[in-house]
Amino acid sequence: MNPEYRLYHPKWYRRRIPIFWWLKKLAYLKFVLRELTSLAVVYAVVLLLLQLVALSRGEAAYARFLDLLGRPGFLAIHTLVLLGLVFHTVTWLNLAPRALVLRLRGKKVPDRFILAGHYLGWLAVTLLIVWGLVGR
Amino acid sequence: MAASNQDQANETISLEVFRYRPEEEDEPSWQSYEVPFRPDWVVLDALNYVKDEIDGTLSYRWSCRMGVCGSCGMMINGEPKLTCAAFLRDYYPKPIRIEPLTYFPVIRDLVINMDGFLDKLDSVQAWLIPKEEKPVSEGEYLQSPAELAKFKKFSMCINCMLCYSACPVVGHIPGFLGPAAIALAQRYNYDSRDGGADERAETLFSHEGIWECTFVGDCSHVCPKDVDPAGAIQRYKVKATTEWYKSLLLPRGRR
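Protein chains in written order, with the working numbering: chain A, 5 to 140; chain B, 38 to 292.
Since the hints were made in silico from the structure, they are not lab data.
Even glycine gets a Cβ: it sits at the ideal position worked out from N, Cα and C.
Be aware that a few hints might be false.
Calculated cross-link-like contacts (lysine-lysine; reagent style DSS-like; alpha-carbon spacing at most 27 Å) [what the hints assert, rightly or not]:
#, chain 1, residue 1, chain 2, residue 2
1, B, 262, A, 28
2, B, 262, A, 34
3, A, 111, B, 276
4, A, 111, B, 274
5, B, 262, A, 29
6, B, 168, A, 111
7, B, 88, A, 111
8, B, 131, A, 112
9, A, 112, B, 88
10, B, 283, A, 112
11, B, 88, B, 131
12, A, 28, B, 131
13, A, 34, B, 88
14, B, 187, B, 283
15, B, 187, B, 171
16, A, 29, B, 168
17, B, 131, A, 111
18, A, 111, B, 190
Far from chain A, some chain B residues (derived; all Cβ distances over 12 Å) [to be verified]:
#, residue
19, 60
20, 78
21, 82
22, 89
23, 93
24, 130
25, 162
26, 230
27, 240
Next up, chain A with everything else stripped away, as it sits in the complex:
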């Protein structure tokens, strides 16, 4: 049926959605933060690329870049970026069992195993990087 059919309902009332709808409910706010913190991910990636560029320009340029990053302003911003990254990662990984449903011998693999797999993977990658930086 045509949704615009209004012969017997000449005056349906439609409510407007307020701009700040996402402040009305904690679940919405959490969702918006989860999506917005993806900007922190973008920032971290761009920063890494800039670091590579600096590295390619030689030792002096790289030292200047590291010096810049060590300033209090950058440290403050990067603390916030780190918090954003952790929030984004944790909220994202926690959603994984909803999208990934595995079956072993006809039975659904429990959510906690899927979660554990993701977090262990994260830990493994982190350890690998830490080992690469300081271990050798």
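Let chain A serve as the given structure and place chain B on it in line with the hints.
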């Protein structure tokens, strides 16, 4: 019945009810009703009390009073709920604000127009499309308990539309198929007797299908039947993505 209710009720609770009478007013208004507070009453009982004893002009939908029919969904203090499952005692002594389900056009008072939802449900073909038709003489389509378990959760949907009122995407993009319609499509996609997944894919992959979902996840939170429509949609996204990669990488015969 009503008289004995009044005798028992020493305390009252107030309902702030959304009123909209299109033949009398252009804008909706709020009306307060004082009803007896009884710990075993749900919001629907209180509305029925209003209708019977205070104001017969109040309009709302209800039927089974026991969380099966899916008719009595409304916004209670801004949260979509079945009024037959929302106890007054959980809100007492504060007043309870009752509104029609949000994001739907309001016909009158607490009654919304659900045509849009019914059209969406229709468009995903939420019914069994058998893999092969067989005559009745060949008997029933058999199914094992393990096969049943794959879709049973999604089959619990009672079309109460609470998930639509919890979904900000539905609010911003009225054409979005929405949680229940996609979960019900998945209910049949996961059914071992069904062969209609390709037909449904057309609608589900369309511009206003699964990809509009941003996984706010509140649809699953408000669902009175634990259907987890958000999960159903994400699983369909995963499937669609793997199918796309398969079609890109694998030779035609192995897809």
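Hint check results:
1. B:262 to A:28: holds, 24 Å
2. B:262 to A:34: holds, 24 Å
3. A:111 to B:276: Holds. Residue 111 of chain A to residue 276 of chain B sits at ~19 Å (cutoff 27 Å).
4. A:111 to B:274: holds, 22 Å
5. B:262 to A:29: holds, 21 Å
6. B:168 to A:111: holds, 24 Å
7. B:88 to A:111: Measuring from Cα to Cα gives roughly 50 Å; hence the hint is violated.
8. B:131 to A:112: Violated, because 43 Å separates the two Cα atoms, which is more than 27 Å.
9. A:112 to B:88: violated, 48 Å
10. B:283 to A:112: holds, 24 Å
11. B:88 to B:131: holds, 21 Å
12. A:28 to B:131: Holds, because 19 Å separates the two Cα atoms, which is no more than 27 Å.
13. A:34 to B:88: violated, 39 Å
14. B:187 to B:283: OK: residue 187 of chain B and residue 283 of chain B at ~23 Å, within 27 Å.
15. B:187 to B:171: holds, 24 Å
16. A:29 to B:168: Status violated; Cα separation ~44 Å.
17. B:131 to A:111: Distance ~46 Å between residue 131 of chain B and residue 111 of chain A Cα, so the pair is violated.
18. A:111 to B:190: holds, 14 Å
19. 60: violated, 8 Å
20. 78: holds, 26 Å
21. 82: holds, 26 Å
22. 89: holds, 26 Å
23. 93: Non-interface label stands for residue 93 of chain B: nearest chain A Cβ at 21 Å, farther than 12 Å.
24. 130: With a cut-off of 12 Å, residue 130 of chain B remains clear of chain A, as the shortest Cβ separation is near 23 Å.
25. 162: Consistent with the label, residue 162 of chain B stays out of reach of chain A, its closest Cβ about 17 Å off (over 12 Å).
26. 230: It holds; residue 230 of chain B is separated from chain A by about 17 Å at its closest Cβ, greater than 12 Å.
27. 240: Label holds. Min Cβ-Cβ 16 Å, cutoff 12 Å.
Checked against the numbered hints above, the structure breaks hints 7, 8, 9, 13, 16, 17 and 19 and satisfies the rest.
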